[in-house]
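Novice: These protein sequence lines map, in sequence, to chains A and B. Counting from 1, position 391 in the first sequence corresponds to residue 391 in my numbering; the numbering is continuous, with no gaps. Counting from 1, position 112 in the second sequence corresponds to residue 1112 in my numbering; the numbering is continuous, with no gaps.
There could be a bad hint or two in this list.
Cβ pair distances, simulated, as ranges [unchecked claim]: (1) A:Ile43 <-> B:Asn1066: 39 to 45 Å; (2) A:Val114 <-> B:Gly1086: 43 to 49 Å; (3) B:Lys1088 <-> A:Gln366: 21 to 27 Å; (4) A:Tyr222 <-> B:Glu1028: 41 to 47 Å; (5) B:Lys1085 <-> A:Arg343: 47 to 53 Å; (6) B:Ile1081 <-> A:Glu287: 56 to 62 Å.
Please keep in mind that the hints were generated in silico from the structure rather than gathered at the bench. On a predicted model such as this, the values are computed, not experimentally measured, just so you know. Note that beta-carbon positions come from the ideal geometry of N, C-alpha and C, so glycine has one too.
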Amino acid sequence: MPMMMLRGNESTAYAAKLARVKVIPAYPITPSTLFPEKVSELIANGEMEAEFLPVESEHSALSAAIGAAATGVRAMTATASQGLALMHEVLFIASGMRMPIVMAIGNRALSAPVNIWADQQDTIAERDSGWIQFYAETNQEALDLTLIAFKVAENENVLLPAMMGMDAFVLTHTMEPVNVPDQKDVDEYLGEKKINYPVLDPEKPATFGAFVFPEHYMDIRYSQYIAMEHAKSVIDDAFKEFEKKFGRRYSKVSGFMTDDAEVILVTMGSITGTARETVRKLRERGEKVGLVKITVYRPFPKEELVSITRNAKVVAVVDRNVSPGFGGAIFTELVASYNKEKRKPRILDFIMGLGGRDVKIENYEQVYDIAKKAKRGKFKEINWIDVDEEAVKEVEGSI
Amino acid sequence: MFEVRFHGRGGQGAVTAANILATAAFLEGNDVQSFPFFGVERRGAPVEAYTRIDTKKIDIKMYIYNPDAVVVLDTSLMGKIDVMKGLKKGGYLILNTQKKPEEFPFKDYKVAVVDATDVAVNLGLGSRASPIVNTAILGAYAKAVGNVKIESILEAIKRNAPSRPEDNAKAALESYNRTILGW
């Protein structure tokens, strides 16, 4: 297994090659452009056998991926931010038609104002589109999770598309050593793509995504819901099999120093590493703090999250997204996950790192201080970290 | 953990220099990261790039605020932007210049100089107006800082140089031999 120095977009391009993806329609957008560049280079060099389709928009890219997947071949694309937003209606068509497409996302802020930097609002806004969602912490994870995404998406009990998010620049443009698996091992892990769903075939004509009346639509939606529930155990199995084959361990949520932790931070994506470093520093000072990383956001790992956080006094959720009118997405769903529980920890939300604002150790120390004080007495539910409170107050007034 | 910041202008290869340094350190068994300043690049405009090197696994993914070394590919940037910003006291400052280390007013730092432009131009890497000095300056880095061997830099250049790997490796080696240390 050779180690290569790769940027995140190259990690996912190598994953496409190793998965023997046959059709890659793509439209360039910062910070994902290096993916189509690298894939077309691999194809031009004869290192990869696939059809690269330079299309006229992201809407077309995903539409073409659906067409390709509908013939039964592996299809993949990549995009970010406005590109993903332009795909919005096609996302629902891909999941509704149960096409196991995989898409790499360079997680980036949405306009306006225009901003090309790291932010998870783009994929979070597509939470309800019926796609499985993975998030990478490192470029190694970006490669591995893309392979795992194919394994899960194509499972006959799932057959749903999957997106793999990696933060803009912090992963897409950062070079790290990546263990690139051997083709033989990936072939054994993924296998030849089985056509376990109806495909376009002139011998057996069929209509896809057709018009349905109220007597059918809801049942089709229900079956999608069931498929996403099935994905929960299929993902666990895919992670286990991956570990057996490649030795790298994944789980939907993973804990770090959580056993005796009174305060637990919850993070997702590239901001996790800096949080882990902060936890180590705080532990040296004797603080009882731990960290939970979310790797799978859809299906939401509610049982796992409740089980790993239930003994903490305070859970500090970090959201690199926000739903104006409520709060961050992970916070919202973690609170809802405790619905059946008799007692729960105090759960606080910390909105951080929007539009590429750097998430630093000192920011996490501030989060910890606020969370620790919230063990008793009054506390503020939604906390914006590292914002210019005074400037915003002057314009918008206080709440 | 050892952190390095590169300053150059778009087109001089500062980002590639950061990548080559990371590759060289990785070849010696370190964990590494390299990344450009996250933004929009234009030819001629000031560019920053960064490398992190550690014997342990690198977890953090934030910007570099207090580098241990600063490498300046184009000293004409020095009056315009603060290349010393955040540099740790006693840290390394590696400059592409014809001047001597003592001509710079940086008493609290270790200043190393090399005429990387001359080295690059003599090998036909870019032109005098627009020399490509990224590989030459890495020779000076190896000599001055010493946490990465020149042999590893040469190997990393051969793996990473977008073109003419042999001439680029020669540039690094020649700079290594011509570097003047101010301490």
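Novice: It remains to establish, for every hint, whether it holds in the given structure.
Specialist: Quick rundown of the hints versus the structure:
1. Checked against the hint of 39 to 45 Å, the C-beta distance between Ile43 of chain A and Asn1066 of chain B comes to roughly 43 Å, which is consistent with it.
2. Taken as a hint, the range 43 to 49 Å is violated for the pair Val114 of chain A and Gly1086 of chain B, whose Cβ atoms sit roughly 28 Å apart.
3. As the Cβ distance of Lys1088 of chain B to Gln366 of chain A is approximately 24 Å, the hint placing it in 21 to 27 Å holds.
4. The given range of 41 to 47 Å is broken by Tyr222 of chain A and Glu1028 of chain B, whose C-beta atoms sit roughly 57 Å from each other.
5. The hinted range of 47 to 53 Å is satisfied by Lys1085 of chain B and Arg343 of chain A, whose Cβ atoms lie roughly 50 Å apart.
6. Between Ile1081 of chain B and Glu287 of chain A the beta carbon distance is about 39 Å. The supplied range of 56 to 62 Å is therefore violated.
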